[in-house]
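**Student:** By the count of our numbering, the sequence shown reaches residue 194 at its end, each step adding exactly one.
No wet-lab data here; the hints were simulated from the structure. Built from N, CA and C at the ideal position, the CB exists for glycine as well. A couple of the hints might just be wrong.
As the list claims (entries may be wrong) - Below, in silico cross-link-like pairs of lysine-lysine (BS3-like), each with a Cα-Cα straight-line distance of 25 angstroms or less:
hint: 1; residue 1: Lys97; residue 2: Lys107
hint: 2; residue 1: Lys124; residue 2: Lys85
hint: 3; residue 1: Lys124; residue 2: Lys95
hint: 4; residue 1: Lys97; residue 2: Lys131
hint: 5; residue 1: Lys124; residue 2: Lys97
To be verified - Now the in silico label distances, taken between C-beta atoms and shown as ranges:
hint: 6; residue 1: Asp105; residue 2: Gln165; range: 19 to 27 angstroms
hint: 7; residue 1: Phe148; residue 2: Met64; range: 23 to 31 angstroms
hint: 8; residue 1: Glu129; residue 2: Arg156; range: 39 to 47 angstroms
hint: 9; residue 1: Arg153; residue 2: Asp76; range: 18 to 26 angstroms
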Amino acid sequence: MRDAANFRHYFWDATSFNDIHKFIGNLELSSKSKLCLTFLGDLKHTIVIPILTNFFTQIIKAETIEEKQARLHDFEEALQAIVAFSVLWRASRNGTGGIDNQYRELLNTTGMRSGLPPMSRKTFERRHYQY
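Can you build the whole structure from these sequences, using the hints too?
**Tutor:** Below you can see the structure in the form of structure tokens.
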């Protein structure tokens, strides 16, 4: 919950991004990423917050600067992919056209053709921490 609140406050709702260094250290969030975050926020495309929070959490958990830099790169790549997908999806349909369901499926699907695991923490934890 804390990570989601911090992501929402310092990244999603941010206007200046001046306070993000408490999470990414001396690393810089690219101007393209800042634009993407602003774009998604202005679009009120909040369905992507859980996905981006998962990437944000990995940045926070990174123990070395190299690992933190790699996780920030992953975050920025995911952010750009989300914006590209959202723009293409909306341009090809009237309104949102069920985009929320596409993101929910991405978060919960197992056995994706890409080989990627589901992205939701709940599914991840259930798969990796069975008692």
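**Student:** Indicate, hint by hint, whether the structure satisfies it.
**Tutor:** Hint check results:
1. Lys97 x Lys107: 15 angstroms, holds
2. Lys124 x Lys85: 13 angstroms, holds
3. Lys124 x Lys95: 24 angstroms, holds
4. Lys97 x Lys131: The given pair, whose Cα atoms are some 18 angstroms apart, holds under the 25 angstroms limit.
5. Lys124 x Lys97: Holds, because 22 angstroms separates the two Cα atoms, which is no more than 25 angstroms.
6. Asp105 x Gln165: 19 to 27 angstroms: 20 angstroms, holds
7. Phe148 x Met64: 23 to 31 angstroms: 27 angstroms, holds
8. Glu129 x Arg156: 39 to 47 angstroms: At 41 angstroms between Cβs, range holds.
9. Arg153 x Asp76: 18 to 26 angstroms: 22 angstroms, holds
Comparing the model with each numbered hint stated earlier shows that all of them hold.
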